[in-house]
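Build out the structure end to end from the sequences listed, making use of the hints.
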Amino acid sequence: MTQQTKSAAADNGVNVTALLGAREALTATPEAARFRWRASSEWQHGTHNRASVDGFFGLGGEQKHRQSFQFDTDHPEIFASEDHGATPVEMVLVGLAGCLSAGVAAVAQNRNIQLRSVKATLEAGMDLRGILGIDANVRNGFDGIKVHYEIDADASAADIAALVAQSQKRSAVFDIVTNPTDVTVTTRKA
Amino acid sequence: MGTAGSRTVDVVVVGAGHAGLAMSHALGRCGIDHVVLERGEAAHSWRTERWDSMRLLTPNWMTRLPGCRYEGGDPDGFMHASDVAAFIAAYARLVAAPLRTHTTVTDVRAVDNGYRVTTDRGVWRCRALVLANGAFGKPVVPRLAENMPPDVDQLSSQTYRNPAQLRDGGVLIVGASATGVQLAQEIQRSGRSVTLAAGEHVRLPRVYRGRDIQWWMHASGVLDQRIEDVDGPERARRVPSPQLIGTPERATLDLNALRAQGVEVVGRLAGIRDGRAQFSGSLRNVCALADLKMDRLLDFLDEWAQRSGLDDAVGQRQRYAPTDVGTTPRLGLALGEEIRSVIWATGLRPDYAWLHVPVFGRDGTLQHDRGVVAPGLYALGLPYLRRRKSSFIHGAEDDVSELAAHLTAHLERKGRQPLAAALTA
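Line by line, the protein sequences are chains A and B. This note's numbering numbers the first residue of the first sequence as 1 and each following residue consecutively. This note's numbering numbers the first residue of the second sequence as 1 and each following residue consecutively.
Treat the hints with caution; some may be incorrect.
[Said to hold, decoys possible] Quick list of the computed label-pair ranges, beta carbon to beta carbon:
| hint | chain 1 | residue 1 | chain 2 | residue 2 | range |
| --- | --- | --- | --- | --- | --- |
| 1 | B | His356 | A | Asn179 | 33 to 41 Å |
| 2 | B | Ala260 | A | Arg139 | 53 to 61 Å |
| 3 | A | Ala102 | B | Asn162 | 46 to 54 Å |
| 4 | A | Asn179 | B | Cys30 | 49 to 57 Å |
| 5 | B | Asn162 | A | Arg139 | 48 to 56 Å |
| 6 | B | Thr106 | A | Asp54 | 50 to 58 Å |
| 7 | B | Arg69 | A | Ala102 | 49 to 57 Å |
| 8 | B | Ser190 | A | Asn179 | 30 to 38 Å |
| 9 | B | Gln367 | A | Asn179 | 24 to 32 Å |
| 10 | B | Arg235 | A | Gly141 | 31 to 39 Å |
Rather than coming from a laboratory, the hints here were simulated on the basis of the structure. From a predicted model like this one, the values you see are computed outputs, not experimental measurements. We put the CB at the ideal spot given by N, CA and C, even for glycine.
Now the structure itself:
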């Protein structure tokens with residue numbers, strides 16, 4: 001019976017044929033593989049900030065999202081802020097969850113595994129003595145991130161674990177948070 | 001540059017290691033006129049580019065070449081590098097290979113009807129050329145090595161010999177393939193504290209269900225898997241060597257074993273900045289990937305044993321504890337203070353610097369179809385060239401037999417007349 005369900009083609013809504021085609025095409029034309037992701041932001045008031053995501057560069061030209069997306073970030077009321085949005089550090093967790101879960105879906109599709117539900121919970125520890133400058137030995141950022149997946153799918157526990165492991169291996173945000181990235185910040189008086 | 005002073009021969013084989021000599025044996029049996037050019041003596045790299053304690057990862061009974069097998073008294077032992085050199089040198093004599101020793105190839109170009117091979121001892125013109133100069137000619141050191149503080153000694157798996165060579169103080173070993181884990185154990189035992197930076201790796205038990213893991217891989221046909229049957233052949237060719245060591249105790253040498261001996265395991269070396277080594281936070285995942293991959297292999301081997309009626313002939317099924325990386329793997333280290341020496345165990349690649357023929361891909365790797373590089377140009381001994389066992393000593397036999405047949409057909413298509421006659425025709 002499991003054999004029969006496996007032989008039916010899984011459909012997780014990921015166009016793997018297109019992804020594999022893109023991989024082949026971009027192997028032949030590495031210039032087209034160079035993307036530039038962008039966001040812009042404007043300070044609102046207090047710790048409230050509004051960021052927009054609209055266009056990006058890739059496949060050799062300017063590209064647009066179907067629409068412009070806005071993201072509000074702020075700090076919670078216990079920080080004496082107005083809580084107009086998620087904290088920036090929570091946005092990092094949002095990005096990590098989005099990236100890993102998209103990867104799980106794509107890898108599952110490629111391995112012909114039908115997903116029924118993929119739920120992730122993420123938690124990051126942070127010692128505020130870092131950003132408050134109380135202790136120079138405490139870093140500003142997370143001291144660790146824990147991600148937990150609950151996945152219902154037509155696959156063994158080992159195959160599901162392999163999906164999540166492969167997704168991490170291929171994840172951009174996982175790479176960004178686990179490896180150093182050179183950051184350049186410039187400023188001009190407007 | 002005329003051809004004055006050059007000698008002609010049907011086939012030039014570059015390198016008198018196990019693969020080049022096996023090819024020489026095959027060509028000799030077909031009566032094909034050839035020479036084997038060797039920069040030193042036969043098995044040169046086994047004499048000069050191996051650390052002192054290095055042994056094969058495969059048991060002695062697997063070490064064989066066409067017409068020659070191990071006949072010593074320790075079939076389950078693991079040959080020391082010097083024994084491998086002696087084995088290959090004896091093979092060169094056995095097959096009476098037409099060796100030109102102490103002859104270093106400095107330049108190869110395609111010419112009409114073949115190749116021109118320049119050496120430090122004259123020029124050869126040939127109709128076919130076999131690249132058998134080894135898969136492990138030069139160390140691959142990541143670009144970030146440029147940022148290493150100058151007071152840190154840097155070695156590679158080619159220049160490392162033994163722990164006495166190292167200054168006192170901490171040692172960082174970059175890479176957790178067979179080389180990295182072996183050096184980590186040896187150097188930790190010398191009393192230096194070792195940090196091992198582990199990216200993606202291949203975990204294997206030395207002995208599974210009472211048999212050597214290489215017996216399982218060999219007997220179940222895993223080592224015979226052909227590259228054309230593999231998903232992602234380019235990736236398969238880049239898989240690092242498994243975490244194995246050949247010792248009389250047949251001990252497993254995985255990351256758990258190293259941590260039990262006091263080695264500190266950290267993530268892949270991701271950067272060097274302001275005198276600090278930065279390690280990736282991906283250690284847990286690369287260990288999970290290796291654990292899952294090992295379990296899939298063991299599942300496959302168990303199924304094969306059952307299918308083959310071997311369940312009673314071997315021991316009980318086993319599974320191993322997941323790799324334990326500790327609660328908080330370290331993410332950085334001060335180079336210079338905590339680390340005096342860095343050993344790059346980040347892989348080796350063949351060295352074709354002298355091959356001036358357009359046969360390289362964008363990333364500089366040799367492009368070939370299962371060892372056929374270009375008309376009359378062949379490669380041997382590379383990882384997964386034709387089969388998973390292609391870079392093993394015993395893997396040369398099948399590859400050589402198929403590529404020698406291809407080469408012979410190539411020469412026949414061109415006419416079996418000597419090159420000089422073909423050139424003047």
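Quick check: which numbered hints come out false for this structure? Those not satisfied are hints 2, 5.
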